Amino acid sequence: MLTEAQVVSLKFCPTRRGDRVYTVFKTVDGQELGLWRAASPDIGRLSIGDRVALKRDRGGHWQIVSKRSSPIQTGFYSRLWPTWQL
Numbered sequence: 862m863l864t865e866a867q868v869v870s871l872k873f874c875p876t877r878r879g880d881r882v883y884t885v886f887k888t889v890d891g892q893e894l895g896l897w898r899a900a901s902p903d904i905g906r907l908s909i910g911d912r913v914a915l916k917r918d919r920g921g922h923w924q925i926v927s928k929r930s931s932p933i934q935t936g937f938y939s940r941l942w943p944t945w946q947l
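Per this note's numbering, the very first residue in the sequence shown carries number 862; after that it's consecutive.
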């Protein structure tokens, strides 16, 4: 099952094992989800305000399935969030 969310915070953190990114998402129902991930080109392209579809993998961890950069678009996300704004 997909969960739709919007990026509300991004923090880049250098570590000994490489750069990491902590991303906080807010779902339509107000729940906040945090992802602590290795910095990758996919995560690096996210910015605050992007809308994403998330799903849980078999281990129970959240994965980004798709993203929409502009909050005002037609199509998939406009049907999911006709009036929702952060």
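Derived from the structure by calculation, the hints contain no laboratory data.
Remember, it's a predicted structure, so these values are computed and weren't measured experimentally.
Backbone N, C-alpha and C define an ideal beta-carbon position, used for all residues, glycine too.
Be careful, since some hints might not be right.
With a straight-line Cα cutoff of 30 Å, these simulated BS3-like cross-link-like pairs (lysine-lysine) come out [stated by the list, open to error]:
id: 1; residue 1: K872; residue 2: K887
id: 2; residue 1: K872; residue 2: K928
id: 3; residue 1: K872; residue 2: K916
id: 4; residue 1: K887; residue 2: K916
Each pair of labels, with its calculated beta carbon distance range [unchecked claim]:
id: 5; residue 1: F873; residue 2: L894; range: 12 to 22 Å
id: 6; residue 1: R877; residue 2: G910; range: 25 to 35 Å
id: 7; residue 1: R877; residue 2: S927; range: 27 to 37 Å
id: 8; residue 1: W897; residue 2: R919; range: 27 to 37 Å
id: 9; residue 1: L863; residue 2: R898; range: 12 to 22 Å
id: 10; residue 1: G920; residue 2: R881; range: 13 to 23 Å
id: 11; residue 1: E893; residue 2: M862; range: 29 to 39 Å
id: 12; residue 1: V885; residue 2: L863; range: 26 to 36 Å
id: 13; residue 1: Y883; residue 2: G921; range: 29 to 39 Å
id: 14; residue 1: D890; residue 2: G910; range: 10 to 20 Å
id: 15; residue 1: G891; residue 2: R917; range: 12 to 22 Å
id: 16; residue 1: K928; residue 2: W897; range: 29 to 39 Å
Right, here's what the structure says about each hint:
1. K872 <-> K887: holds, 15 Å
2. K872 <-> K928: holds, 18 Å
3. K872 <-> K916: Holds: K872 and K916 sit about 21 Å apart, inside 30 Å.
4. K887 <-> K916: With Cα atoms ~14 Å apart, K887 and K916 stay inside 30 Å; holds.
5. F873 <-> L894: 12 to 22 Å: Between F873 and L894, where Cβ atoms are some 18 Å apart, the hint holds.
6. R877 <-> G910: 25 to 35 Å: Since R877 and G910 have Cβ atoms about 31 Å apart, the given range 25 to 35 Å holds.
7. R877 <-> S927: 27 to 37 Å: holds, 32 Å
8. W897 <-> R919: 27 to 37 Å: The hinted range 27 to 37 Å is violated for W897 and R919, with Cβ atoms some 19 Å apart.
9. L863 <-> R898: 12 to 22 Å: With a Cβ separation near 19 Å, L863 and R898 satisfy 12 to 22 Å, so the hint holds.
10. G920 <-> R881: 13 to 23 Å: Given range 13 to 23 Å: holds, Cβ gap about 18 Å.
11. E893 <-> M862: 29 to 39 Å: Roughly 18 Å apart at Cβ, these two residues miss the hinted range, so it is violated.
12. V885 <-> L863: 26 to 36 Å: violated, 18 Å
13. Y883 <-> G921: 29 to 39 Å: With a Cβ separation near 18 Å, Y883 and G921 fall outside 29 to 39 Å, so the hint is violated.
14. D890 <-> G910: 10 to 20 Å: holds, 19 Å
15. G891 <-> R917: 12 to 22 Å: Given a distance of about 19 Å, which is inside 12 to 22 Å, the answer is holds.
16. K928 <-> W897: 29 to 39 Å: violated, 18 Å
The structure does not agree with the numbered hints 8, 11, 12, 13 and 16 stated previously, though it agrees with the rest.
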